[in-house]
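If you want the building blocks of each chain, they are given just below.
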Amino acid sequence: MLTKRIIPCLDIKDGRTVKGVNFENIRDAGDPIELGALYAEQGADELVFLDITATNERRKTLSELVTRIAKHVNIPFTVGGGISSVEDVNVLLQSGADKISVNTSAFKRPELVDELAREFGSQCVVLAIDTRFEDGDWYVYLNGGRVKTEIKAYDWAKEAVQRGAGEILLTSMNNDGTKKGFALDITGKLSQNLNVPVIASGGAGTMDHFMDVFETAQADAALAASIFHYKEIEIQALKTYLYQRGINIRF
Amino acid sequence: MKTVIIKYNAGNIRSVLFALDRLGVEGVVTDDPEAIKAADKVIFPGVGEASSAMRYLRERKLDQLITGLKQPVLGICLGMQLMCKHSEENDTNCLGIFDVEVKRFQSPVDNLLKIPQIGWNNVTGLYSTMFEHVPENSYMYFVHSYYAALSPYTVATANYVINYSAALQKDNFYAVQFHPEKSAGEGQKILENFLKL
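Same order as they appear, the protein sequences are chains W and G. The working numbering applies: residue 376 is where the first sequence begins, and numbers increase by one. The working numbering applies: residue 178 is where the second sequence begins, and numbers increase by one.
Derived by calculation from the structure, the hints in this document are not laboratory data. Note that beta-carbon positions come from the ideal geometry of N, C-alpha and C, so glycine has one too. Be a bit skeptical, because a hint or two may be false.
To be verified - Over 10 angstroms on every C-beta distance to chain G, these chain W residues come out as not near it, computed from the model:
id, residue
1, LEU377
2, ASP420
3, GLU462
4, ASN549
5, LYS555
6, ASN570
7, GLN611
As the list claims (entries may be wrong) - When the alpha-carbon atoms are kept at most 27 angstroms apart in a straight line, the in silico DSSO-like pairs for lysine-lysine are as follows:
id, chain 1, residue 1, chain 2, residue 2
8, G, LYS280, G, LYS238
9, G, LYS184, W, LYS435
10, G, LYS179, G, LYS214
11, G, LYS214, G, LYS247
12, W, LYS446, G, LYS373
13, W, LYS527, G, LYS238
14, W, LYS533, G, LYS280
15, G, LYS262, G, LYS347
16, W, LYS446, G, LYS366
17, G, LYS238, G, LYS347
18, G, LYS366, G, LYS347
19, G, LYS184, G, LYS262
20, G, LYS291, G, LYS179
21, W, LYS533, G, LYS291
22, G, LYS347, G, LYS214
23, G, LYS291, W, LYS564
24, W, LYS435, W, LYS446
25, W, LYS388, W, LYS446
26, W, LYS555, W, LYS606
27, W, LYS533, W, LYS564
28, G, LYS179, G, LYS366
29, G, LYS179, W, LYS446
30, G, LYS366, G, LYS238
31, W, LYS523, W, LYS554
32, W, LYS564, W, LYS523
33, W, LYS446, G, LYS280
34, W, LYS554, W, LYS527
Here chain G stands alone, though its shape is the one from the complex (with noise of 0.2 angstroms):
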């Protein structure tokens, strides 16, 4: 099995290696559209910043290869958020896998609320094969400042001040707003349950 993990400028690629290492997996990081387009699996990582995440992307074309794909794709954090429509980061065009707005987090005017959002959070209502034998309510770590909002494609609820998507599906395209490469065990189930698909 073949797992490829989308190179482009953004972080965190490194902790997902380590992650699949930890499996026994090796995966392969690469922008190659041959390599990407021959893979088994897709990792789509991303800390970083939309706009220039999606220029990039764009310019290398990966934007067509990323939406073709028609292998299991994963997308975490900053790659769940392009993986929508439209993203409030920089008004930014992104892939339009998903039909949904990534918003900015909003304080309450009666409250402060700290944004980035950085820690253990619980998600609920899993619905999806990825999260197999992971169960309702298990914290995993997010650090964002943008969220994508409920949606049909939802399959994972996470809330701060407001109930947000955690995580999307739709066909071959899985998508987590937290660091399954970071959140303990719980966190390396999912990319287990994405292994195995």
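Isolated chain W, as found in the complex (with noise of 0.2 angstroms):
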């Protein structure tokens, strides 16, 4: 049986994870090569890199940083951050990256898209939403959460599907940071009426809240940063205990 998926986030800054981690068994906490083939071999079964760096020299660093971490770590890994054209894709797919998100960009200019599933295929276009509930619904937001759309997440959601996005990976603002646990309606909205992968993200802060996110809301998927980077869960503990509760678990 296809199993639910874990996958810890790293965002990296001018080719460094960012956020304090804290590992006493790894020599350097913020090279992403040596902490992102840590997870692997913790059992993650898939790694998101973010790189949230704004300048020029961007992508070159990003593609360098990107084919050594495809040549250490032996588990699929998706990059993120600042993609907006077919020509990055290339770059980092060729490069070695597994599958690439989209944001901004393809909001922008959703025929991105079409372009990239046509270039290269639906199983490595994600489709990045973050998304915060209010007035009685989920909105789309840009610019990692600083813009306000009128568009709601989840016809966002459909959209980019029929254009040929092959996952989404939704990111609820309300939630995150929180650690009270994943916004359960629009994930499971999402995860029950689309047919691609659904990667919940934004708001993990204890094991259960994996159980919910994958019973209740039937994400297919579960993405978190922090509570990964600062040990407050292990991920062979967190699979352990997923297993345990009989949800299929990769173990």
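Both chains come to you apart, so use the hints to assemble them.
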């Protein structure tokens, strides 16, 4: 049976992981390669690297980093952050990324999703959506959550899937950072109505939150950052917990 | 030992090259017929679409070359599907090494099936030297919308709504639907076993 995926997310700036990471058993916790390889060894099913560097040198540094990751990490990984063209994606896939994620650029020019799916296949096109619940519904936010739109998250996700997005990475801004659990309603709505996998993000604080998002919301994967980085939850322990409670987990 | 990766218009070649590198093996990516024929091991990778891949292979006469190879050949993902007889993906006649039909996953009426299947799935009924020391029910990383049906050549089975071929083998031809280069330690073991054949 296909298993639910646990995905640690690493924020990258100028080739280094940014969120304070606390591991004594690796030499350099700021090194994305070392941290990624450690997570892979601990049983992470995939990795997401989100580049938050905003300089002109970005692309070159990033593609070099991607190549180093691909050399050392033996599980699939997605690269996102500032990707806005077919050429950007081509460079990253050629460098060894398995998938790329697009967010604001795809919202502003939805044809980008069609172009990427046609050129590289839907399986490597992840659409990331940042969403916030207000005035009775979930709306799409852009530019790392700074810019509000009038479009509902479900509508945009549905359109993007029709255009060829192969997966949806859904981050609830209401839940992100709260450690009070994932946004089950909107995650469930997407996961149960769209025929592509949905990765839930934002709000993980306990192992039961993962149970909820897999069982209640039927998410296909769950992504988290700080709880893994700060070792509040260890991947092995989390997977054991889920497995013992009947969730399909690679174990 | 010379390990060649067949170069054609399909992706994931770099990942395979890196996986070989982790095993201390330097792979050569080439579409040169002489280099392919002279290799000890041939890997036929692939992420992409069947009809355009077959067109590319035929234009370069790589189709006849591949079917005539005598050394161990490993097809991966689309590579495996192209080694079958026919694919439903754009009604494509393939290489015909395995007399097997490649079909598209179908959503049952009462259940929304996500296509492509993306993620880790367990493999059972492992019956090939490439699975030596790989435990039953090991998890492998799959990304695919089409599958090879069960057949006499099936040497590993996976289930996604239905049972299908996770691996095929016939004579010197080996093939896996999943990505061993992305399947952590067990995937690495399969590549290692293949290189030792």
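Hints versus structure:
1. Here W:LEU377 does not stay apart from chain G, with its beta-carbon only about 5 angstroms from theirs, under the 10 angstroms limit.
2. With a least beta-carbon separation of about 6 angstroms from chain G, W:ASP420 fails to lie farther than 10 angstroms from that chain, contradicting its non-interface assignment.
3. Residue-level check passed: W:GLU462 sits 16 angstroms from the nearest beta carbon of chain G, beyond 10 angstroms.
4. Listed as a non-interface residue, W:ASN549 keeps its Cβ farther than 10 angstroms from every Cβ of chain G; the least gap is roughly 26 angstroms.
5. Every CB of chain G is more than 10 angstroms from the CB of W:LYS555 (nearest about 27 angstroms), matching its label as outside the interface.
6. At the 10 angstroms boundary, the C-beta of W:ASN570 falls inside the reach of chain G, the nearest C-beta of that chain being 5 angstroms off.
7. For W:GLN611, the condition that its CB be more than 10 angstroms from all CB atoms of chain G holds, with the nearest at approximately 14 angstroms.
8. Of the pairs offered as hints, the one joining G:LYS280 and G:LYS238 holds, with about 25 angstroms between alpha carbons and a cut-off of 27 angstroms not exceeded.
9. Distance check on the hinted pair: G:LYS184 and W:LYS435 sit about 25 angstroms apart at the alpha-carbon level, within 27 angstroms; holds.
10. Between G:LYS179 and G:LYS214 the alpha-carbon distance is near 11 angstroms, which keeps this suggested pair within the 27 angstroms criterion.
11. Our distance criterion of 27 angstroms between C-alpha atoms is met by G:LYS214 and G:LYS247, whose separation comes to about 8 angstroms.
12. Restraint check: the Cα-Cα separation between W:LYS446 and G:LYS373 comes to about 22 angstroms, which is no more than 27 angstroms; the hinted pair holds.
13. Between W:LYS527 and G:LYS238 the CA atoms are separated by roughly 51 angstroms; this puts the pair beyond 27 angstroms, and the hint is violated.
14. Using a Cα cut-off of 27 angstroms, the hinted pair W:LYS533 and G:LYS280 holds, with the two alpha carbons roughly 26 angstroms apart.
15. For the suggested pair G:LYS262 and G:LYS347, the alpha carbons sit about 13 angstroms apart, so the restraint of at most 27 angstroms is met.
16. Restraint check for W:LYS446 and G:LYS366: the C-alpha separation of about 17 angstroms stays at or below 27 angstroms, so the hint holds.
17. At roughly 22 angstroms between alpha-carbon atoms, G:LYS238 and G:LYS347 fall within 27 angstroms of each other, so this suggested pair holds.
18. The hinted pair formed by G:LYS366 and G:LYS347 meets the criterion: a straight-line CA distance of about 20 angstroms does not exceed 27 angstroms.
19. For the given pair, G:LYS184 sits about 21 angstroms from G:LYS262 by alpha-carbon distance, which is consistent with the 27 angstroms threshold.
20. For a cut-off of 27 angstroms, the pair hint linking G:LYS291 to G:LYS179 is broken: about 40 angstroms separates their Cα positions.
21. About 14 angstroms separates the Cα atoms of W:LYS533 and G:LYS291, which keeps this hinted pair within 27 angstroms; it holds.
22. Our distance criterion of 27 angstroms between C-alpha atoms is met by G:LYS347 and G:LYS214, whose separation comes to about 19 angstroms.
23. Restraint check: the Cα-Cα separation between G:LYS291 and W:LYS564 comes to about 14 angstroms, which is no more than 27 angstroms; the hinted pair holds.
24. Proximity of W:LYS435 to W:LYS446 is assessed by CA-CA distance (about 17 angstroms); at most 27 angstroms being required, the pair is judged to hold.
25. Among the hinted pairs, W:LYS388 with W:LYS446 is consistent with the structure: their alpha-carbon atoms are about 20 angstroms apart, no more than 27 angstroms.
26. In summary, the hint linking W:LYS555 to W:LYS606 is supported, as the alpha carbons are separated by about 17 angstroms, within the 27 angstroms threshold.
27. Proximity of W:LYS533 to W:LYS564 is assessed by CA-CA distance (about 11 angstroms); at most 27 angstroms being required, the pair is judged to hold.
28. Taking the CA atoms of G:LYS179 and G:LYS366, the gap is about 19 angstroms. The hint holds against a cut of 27 angstroms.
29. For the suggested pair G:LYS179 and W:LYS446, the alpha carbons sit about 20 angstroms apart, so the restraint of at most 27 angstroms is met.
30. The hinted pair formed by G:LYS366 and G:LYS238 fails the criterion: a straight-line CA distance of about 32 angstroms is larger than 27 angstroms.
31. Proximity of W:LYS523 to W:LYS554 is assessed by CA-CA distance (about 23 angstroms); at most 27 angstroms being required, the pair is judged to hold.
32. At roughly 21 angstroms between alpha-carbon atoms, W:LYS564 and W:LYS523 fall within 27 angstroms of each other, so this suggested pair holds.
33. The straight-line distance between the Cα atoms of W:LYS446 and G:LYS280 is roughly 33 angstroms, outside the 27 angstroms bound, and the hint therefore fails.
34. Under the criterion of a C-alpha separation no larger than 27 angstroms, the hint pairing W:LYS554 with W:LYS527 is consistent with the structure, at around 24 angstroms.
In this structure, the hints that do not hold are numbers 1, 2, 6, 13, 20, 30, 33, in rising order.
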